[in-house]
Amino acid sequence: MLPRLTALAAALMLAGSVHAADKVKVGFVSTLSGPGAGLGVDIRDGFNLAVKQLNGKLGGLPAEVLIADDQQNPDVAKQATDKLLKKDKVDFMSGIVFSNIMLAVGPAVFQNQTFYISANAGPSQYAGEQCNPFFFNVAWQNDNLHEAVGKYVQDKGFKNVVIVTPNYPGGKDAVSGFKRYYKGKTEEIYTKLGQLDYAAELAQIRAAKPDALFFFLPGGMGINFVKQFVAAGLSRDTQLFAPGFSADEDVIKAVGAPMMGMFNSSHWAHDMDNAENKRFVAEFEKEYGRLPSLYASQGYDAALMMDAAVRDVKGNLADKKALQKALEAKRFKSVRGDFKFNANHYPVQNYYLRVIGKDGQGRVTNKTMGTIFTNHADAYAAQCKMK
Amino acid sequence: MAFYRPARWQQTAALVVLAALLALPSLLDVLDQSYYIGFATRVLIFALAASSLNLVLGFGGMVSLGHAAFFGVGAYVAAICQQAGLGEGLLVLPLAMAVAGLFALAVGAVSLRTRGVYFIMITLAFAQMTYYLFVSASLWGGEDGLPVYERLRLGGISLAGDAALFFVVLGALTVTMLLFSRLAQARFGRTIQAIRENETRMEALGYPVLRYRLACFAIGGAVAGLAGALLANLSGLASPNLLQWTQSGTLLVMVIIGGVGYLWGGVVGAVVLLLLEEILLAWFAHWHIVLGLLLLAVVLFAPKGVAALFGRRDD
Amino acid sequence: MTQLFLEQALNGLQFGLMLFLLAAGLTLVFGIMDCINLAHGSLYMVGAYFVAAAAQAADSFWLGLGAGVAGTALLGLLLELSLFRQLYRRDHLAQVLATFALILIANESVRLIWGPAPLLLNPPESLAGPVEIAGFFYPAYRLVIIACGLVVAGLLYLLVAKSRIGMWVRAGAANREMTEALGINVRALFTAVFVFGAGLCALAGGLLGPLLAVQVGMGESVLILAFVVIIIGGIGSIRGALVGALIVGTVDTLGRALLPTLLRATLPADAAATLGPALASILIYLLMAGILFFKPQGLFPARA
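Protein chains in written order, with my numbering: chain A, 1 to 387; chain B, 1 to 315; chain C, 1 to 304.
Same shape as in the complex, but just chain A (with noise of 0.2 Å):
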């Protein structure tokens, strides 16, 4: 038997490889429950807004969006991977909001060989040793944020800095990032993951008496963590910095004015001025009655990459090496200008300043102030020998 099957594959395989596919479809495990759940729907609402622009179409194929739940759990997620790779046989995946799950169902797509387009998640294993050609990131390394945000601290002259982060993997990779460019004294504080209550943390920081002080905390985490912070009286001498994640609409709609005036880095800005993205930010207002996040553009520029892919093969998505290329020369324009894809298949692209303050209509939100880095890579591009 086995060799008929052999033989039958072979011929599917040739017979994909002349005619163009009927359809496209995407596989989307994202977090869409519990505390990261703000993130996982922002980043599918933006990808369902482009497809939705593109007449339910992905270069010029209808498409089929697959969206599953992974509950911030690899094990469901893995799960829910193996059910859309080997049972509904999608042809692209993305929408993983976190690297934990991401590195537990990477493993799986590439043997699949199915292309994985992560509009969020950008492990450092995944930039370095272990780039695939199957992974594209159209978002940023996981470093990047933190570097922009340590390189201003740096340049801005503050010299004794606390850190807050999660005691996990994304938590010290936020601290080795931000280390990168900051020289300055530091005092590094670790929480437990998913920790709601930071009073202890905020004694601590209170006694250390620092000018700045850096935190990453993802989702629900950083929502109680900034309204305990000014509660608390400590925003009166400490300037607050974040990565963008940690500053954006969902954490700025739960918490409101008290975050007024913290900075934060990120590669997108809802005021950047170009027409795509101010398309963009108006639809997807009028759409979901809210302003999108920095999730909501990856998740869409995620389905705008796949569109252009798929229409330069033709609708050909048997041809692996043909998409590949046609991914790494990234046609379409993204909402935050223009970027290229580095050999490991992350951005290289520039990483501004924003501050949280009102807007003209009295929103609280973020204004872009400036550009920190331009054209700026990751760390572990060296270590990539992409094939």
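Just so you know, the hints here were simulated from the structure itself, not pulled from any lab data.
Careful, some of the hints might be misleading.
The calculated lysine to any residue pairs, modelled on SDA-like cross-linking and capped at a C-alpha distance of 25 Å, are [claimed, not checked]:
1) 286(A) - 48(A)
2) 185(A) - 60(C)
3) 253(A) - 3(C)
4) 340(A) - 110(A)
5) 83(A) - 149(B)
6) 23(A) - 75(A)
7) 172(A) - 84(B)
8) 87(A) - 84(B)
9) 83(A) - 32(B)
10) 209(A) - 236(A)
11) 57(A) - 274(A)
Some chain A residues flagged as far from chain C (calculated, every beta-carbon gap over 10 Å) [claimed, not checked]:
12) 37
13) 61
14) 108
15) 132
16) 189
17) 191
18) 192
19) 223
20) 227
21) 228
22) 281
23) 368
Pulled a few chain C residues facing chain B out of the computed Cβ check, cut under 8 Å [unchecked claim]:
24) 97
25) 108
26) 155
Being a predicted model, the structure only gives us computed values, none of them experimental.
The C-beta atom is built at its ideal place from N, Cα and C for all residues, glycine as well.
Keeping the supplied structure of chain A fixed, place chains B and C upon it in accordance with the hints.
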């Protein structure tokens, strides 16, 4: 209550099911539904884990709410070995069992000093400690868990294919169930069940009650470790989530649904629960409500579980 | 240094008092009815959601708190009458399964009704900022929580230690059959205790809501802590619950605050950074295992 005694028809049924399972991978392959091989493997692994808890809970009468700790430790032992390049299953699987079993021995030695609800809580506490230990251990990936990039080999044969792993898991479950069946009817099994029924009397008769209990607890832990090591190979990851107390709760639910103290209770419970999940989740995202109501119905109306409908444990 | 210590002590006290509100109901249900209620944490979650929803509707935190507590007590009454009554006579295993089922139902129902994202609950505007005490700033709202916790703990002590109902409750915890034999309506007493416990859960959930987050799954982590508290204190003892809660609150807070510093002074920085948070998070479980090892019935056993 009386001792467990298997019915002859159960053995016949088990053989028929076993034969059907042996043919399953080829059948799914032909139907182009190879995804379900992985799913079936998962079900069998949980059947193994639930059966190990059933030994502790059903036969030993010890309500442990920390069984996931041994399950998780087994998974981590496998992942650590395989990441260090030790990929021979004939070494790794026994090692996972040994470590999980020894750990269970240590936990049991402390916990079995307490009774009733205190025992439930102290096993839970140990499981929580283990969970936090692995979450914080950056050496083993911390919250990210430890990936298994290459599956085990068994006597040199790679288990990279889903069907190969399925057969190994099926074999492990078959052997375990045979052993458990023997064990339940042997002197050890009789004694442990007698202790469950009347501890004081057994103590008065001069049985070393604690030692019997401890042995039962450790065997259960070792088999849970085996299940964990197999799961790490199936999912390609040993993650701290495996050690969470809700995982212990899920295993407990499987055993209770299946039937506490019935040889096949754990297997039936795992199959019923995971199949329900697979089917219900497809048409109702909030399927946990349905599951919860079903569980309540089991408690209130079928207190002996599903296996009780078929099995004999004459009162 | 003294300031830091004082602040951490206040934090520990605040955490401990909230744990006490949760543990009080749990220990009584456990002690008197001999019923393991894993769904106690779900009452805390549902309570917080009720408070948040009511506060949004009424546009007042305090009104919301009152309505939420009342609503949760009512839910507790319904649960007791329909389900828990039948569970008292069953073994621990059946209780674990049934209340585990309740957790699943509660979590999914909340997700169905309020969605997967956390619900926003803000403290009253006047309490949002810090106040100055003894030379440092402390969040006003946390002080209010401490005050509420102390008042409730005091009232509870009077109720249990001094009142007639409290006497019955204590009698029930110590020896149920004897209490019944004395002609006390134990069934009504059970219902009252359960409803009261549910109300306390909602109070804790509502008070902590603005500080933490009102979200699905918030009950589970707190449930485990509440169990640790009553095991340390001794099942069925209100005094034990109070002492246990304060011990757990203080040990957890101080452990988190002091352990990393202590370890940094003695170990290489790398090892300290890993070990510190790990040790801090298992400290209370170590404490519980240690106490059970020497005192298998907890610090204040209700049944002598």
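Quick rundown of the hints versus the structure:
{"no.": "1", "hint": "286(A) - 48(A)", "result": "14 Å, holds"}
{"no.": "2", "hint": "185(A) - 60(C)", "result": "45 Å, violated"}
{"no.": "3", "hint": "253(A) - 3(C)", "result": "34 Å, violated"}
{"no.": "4", "hint": "340(A) - 110(A)", "result": "22 Å, holds"}
{"no.": "5", "hint": "83(A) - 149(B)", "result": "19 Å, holds"}
{"no.": "6", "hint": "23(A) - 75(A)", "result": "29 Å, violated"}
{"no.": "7", "hint": "172(A) - 84(B)", "result": "23 Å, holds"}
{"no.": "8", "hint": "87(A) - 84(B)", "result": "33 Å, violated"}
{"no.": "9", "hint": "83(A) - 32(B)", "result": "13 Å, holds"}
{"no.": "10", "hint": "209(A) - 236(A)", "result": "11 Å, holds"}
{"no.": "11", "hint": "57(A) - 274(A)", "result": "24 Å, holds"}
{"no.": "12", "hint": "37", "result": "5 Å, violated"}
{"no.": "13", "hint": "61", "result": "31 Å, holds"}
{"no.": "14", "hint": "108", "result": "25 Å, holds"}
{"no.": "15", "hint": "132", "result": "29 Å, holds"}
{"no.": "16", "hint": "189", "result": "7 Å, violated"}
{"no.": "17", "hint": "191", "result": "7 Å, violated"}
{"no.": "18", "hint": "192", "result": "6 Å, violated"}
{"no.": "19", "hint": "223", "result": "7 Å, violated"}
{"no.": "20", "hint": "227", "result": "8 Å, violated"}
{"no.": "21", "hint": "228", "result": "7 Å, violated"}
{"no.": "22", "hint": "281", "result": "21 Å, holds"}
{"no.": "23", "hint": "368", "result": "27 Å, holds"}
{"no.": "24", "hint": "97", "result": "5 Å, holds"}
{"no.": "25", "hint": "108", "result": "4 Å, holds"}
{"no.": "26", "hint": "155", "result": "28 Å, violated"}
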